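*Asks:* Work the whole structure out from these sequences, hints included.
Chain by chain, the residues run as shown.
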Amino acid sequence: MKYLSQTIPPSLRTWVKRISYFIVGTVLTVFYADLVHAQGSNHRTITQTPYTWQTILTAIIATVITIFYFRGMYLILTYAAETYNFEDEDDLHRPDTSEENNGLLYGTFGWILGSAIVITSYGWGWRFLYIGPIVCLLGPLVPIIAMQFDIQKYKQILSFRQPSRR
Amino acid sequence: MGYNHYSNWITGILFLCKSLIVLIYISLGGLWASMSTSTLMCLLKMVPAALVTSAIFGQVGGAEIVWETVHDQGNNLLSVTRPDAFQNFGLTFALALITATIAGQEFWQVAWGIKERELGKTFFWGGGLYYLVALCLGTVGLVGLALKVDLVKDLGNDPAALGPFLVAHLGLPSWVIYLFVILVLSACYSVTDGTLAAVSSVSAVDVIKPLFPHISEKALFAWTRFSMVIAAGISVLVIISGIDLVTLVLGTSIIRSAVLVPLVLSIVWDKMNARAFTFGTIIGLIAGVFALLKFGQEIGTYTVVIVSTIVPILIASTNSRRFDYGVLRQSHDLTEEPEEIPEEIPEETLR
Numbered sequence: 001m002k003y004l005s006q007t008i009p010p011s012l013r014t015w016v017k018r019i020s021y022f023i024v025g026t027v028l029t030v031f032y033a034d035l036v037h038a039q040g041s042n043h044r045t046i047t048q049t050p051y052t053w054q055t056i057l058t059a060i061i062a063t064v065i066t067i068f069y070f071r072g073m074y075l076i077l078t079y080a081a082e083t084y085n086f087e088d089e090d091d092l093h094r095p096d097t098s099e100e101n102n103g104l105l106y107g108t109f110g111w112i113l114g115s116a117i118v119i120t121s122y123g124w125g126w127r128f129l130y131i132g133p134i135v136c137l138l139g140p141l142v143p144i145i146a147m148q149f150d151i152q153k154y155k156q157i158l159s160f161r162q163p164s165r166r
Numbered sequence: 001m002g003y004n005h006y007s008n009w010i011t012g013i014l015f016l017c018k019s020l021i022v023l024i025y026i027s028l029g030g031l032w033a034s035m036s037t038s039t040l041m042c043l044l045k046m047v048p049a050a051l052v053t054s055a056i057f058g059q060v061g062g063a064e065i066v067w068e069t070v071h072d073q074g075n076n077l078l079s080v081t082r083p084d085a086f087q088n089f090g091l092t093f094a095l096a097l098i099t100a101t102i103a104g105q106e107f108w109q110v111a112w113g114i115k116e117r118e119l120g121k122t123f124f125w126g127g128g129l130y131y132l133v134a135l136c137l138g139t140v141g142l143v144g145l146a147l148k149v150d151l152v153k154d155l156g157n158d159p160a161a162l163g164p165f166l167v168a169h170l171g172l173p174s175w176v177i178y179l180f181v182i183l184v185l186s187a188c189y190s191v192t193d194g195t196l197a198a199v200s201s202v203s204a205v206d207v208i209k210p211l212f213p214h215i216s217e218k219a220l221f222a223w224t225r226f227s228m229v230i231a232a233g234i235s236v237l238v239i240i241s242g243i244d245l246v247t248l249v250l251g252t253s254i255i256r257s258a259v260l261v262p263l264v265l266s267i268v269w270d271k272m273n274a275r276a277f278t279f280g281t282i283i284g285l286i287a288g289v290f291a292l293l294k295f296g297q298e299i300g301t302y303t304v305v306i307v308s309t310i311v312p313i314l315i316a317s318t319n320s321r322r323f324d325y326g327v328l329r330q331s332h333d334l335t336e337e338p339e340e341i342p343e344e345i346p347e348e349t350l351r
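Chains as they are written, first to last, in my numbering: chain B, 1 to 166; chain V, 1 to 351.
A hint or two may mislead.
Stated by the list, open to error - With a Cα cut of at most 30 Å, we get these calculated BS3-like pairs of lysine-lysine: (1) 115/V - 153/B; (2) 218/V - 17/B; (3) 18/V - 153/V; (4) 155/B - 121/V; (5) 115/V - 218/V; (6) 209/V - 271/V.
Calculated from the structure, these hints are not laboratory results. Keep in mind that this is a model prediction, so the values were computed, not measured.
*Replies:* Have a look at this one:
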C-alpha cells in the first residue's frame, strides 16, 4: 500500500486518497441499494429504452468533456505544485478591478434572469425541457476554459523563473 | 421479520462505515485538497445529472410525452405563476440560499483562500454552475408529475425523494443508477466537506482557543477534529430521527433567514454591535417560529425577516459608538501566540 502511494506524485497523493474514499463510499451505497430494495414499488416498470439518440449524444459529449476536464485538472495540480513558492507577478501589479466587478454584478442579474426564463420556458413546449440538461452538460466547459487560462499563466511563470533558478 | 432484522443490522453497519468514510475523507488534507477534490465533484455533479436526466426521459418515452401528459392534467402545472410553489417553498428557499452565501462560514473560508483578483469571478461562476444542476434535475420533477407519483404513498410525504424513487422504479439500467449515486454522493461529500471544515475552524477560533488560550497546536488540532466528529454525530441523529428532507431544509432556512439582515447590517453599518446582532437574530427567530406554527411558511418567513430587521436597527440606533477598523487592525489573531496585546480594545469594536 505504501509502495503504491509512492508511485503517485506527492502533489496528488492526498487528492487520490480522498477520491479513493469517495469511490469506497459509492460502492458501499450501491451495495446497500442492491441489498435493500426500494419499497412501495406499486408502479409498473416502464419498458421504453433509455438508449435514445439524445442519451447517446449526451454520453459522447460527456466523454469528451470528461477527458478534457481530467487533463486540465492533472495539469493544473502539477503546475500549481511546481509554482507554489513563486510569487505571482500579476498580484504585484493588480489592475483596478472595479469595472470587472461591475461586469460581474450585471452578470449575476443575468444569471437570475436567465434561470427564470429557462424555468418559465419549460411551460412553453416540450423541446424546452432539454435546455436544462444541455446547459448542465456544457457547464464543465467553464472550469475547463478557466483551467486552460491558469495553465498558460503557470507556463509563463515557469518560463520566467526557471532560468534564474539554475 | 428475520429478513427485516438482518436488513436493519446491515443498514446500521453500512451507515456506520459510510459515516467513517466521510470523516476520513474530510480529515485528509486541508484547503488545497478540499478545493481540488471539489473541482472534480463539480464535474461529477454536472455530467451525470445531464446523462441521468436524458436516460430518464428516454425510459419514459421522451420529453414530448412527459410534457404532453403533464399539460393534459391541467391545473397550470407547467406554469410558473402558481402561487403555492412560491408560498410553500420558493420564498424561504431563495432567502436561505442568499443567506448561505453571505453567512456561511464555508464560503468565507474559501473566500480567504482565494486570491482577491480571482474572488469575484470564482463566486460568480460557482453560483452560475449551481443553477445549471438545478435547472437540469428540475425537469425530472415533471416526469414524477407525468407518472402521477403519489407524494404520500410513494414518497412518504417527502418530495425530495422523487429522484431516488424514479431511478429505483423506472427499470433503468445499472449504469444510470451508478451515475445517480455518484451524482448524489458528490453533492453530499462536497457540502459535508465544506461544512465540517467550517465547523472545525469555528470551534478552534471561537470556542477552544478562547477557553484554553495556552493549548498546544497539536491538542488544538485534535480538538478541531473531534468537533467534526461531534457535528457528524449530530447530523446522524437528525437523519435517524426520520425527518423528511424538505421539512429539514425549510426549517434550517428559517434559521438562516434570521441571520441574513443582521449580518448584512454588521457589514455595511458601522453602528451595528454584537448586542443588536444577537438580539435581532434570536428575537427574529422566536417570532418567526411562532408565526410559522400558527400561520404557515410564507407568513413565518416574512416575520423572521421583518423582526430580524427592525430589532437590530432599533438597538443599534441607540449605540453611540461607531465601529473602528483601525482598532480592529490592532487586534491579534486568536490562533497565534499573543506577541503584544493591545491596550483595552473595547469589546464592542471586536464584535
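*Asks:* A separate judgement is required for each hint: does it hold in the structure or not?
*Replies:* Evaluation of the provided hints:
no., hint, in the structure
1, 115/V - 153/B, "14 Å, holds"
2, 218/V - 17/B, "23 Å, holds"
3, 18/V - 153/V, "28 Å, holds"
4, 155/B - 121/V, "21 Å, holds"
5, 115/V - 218/V, "28 Å, holds"
6, 209/V - 271/V, "28 Å, holds"
In summary, this structure violates none of the numbered hints.
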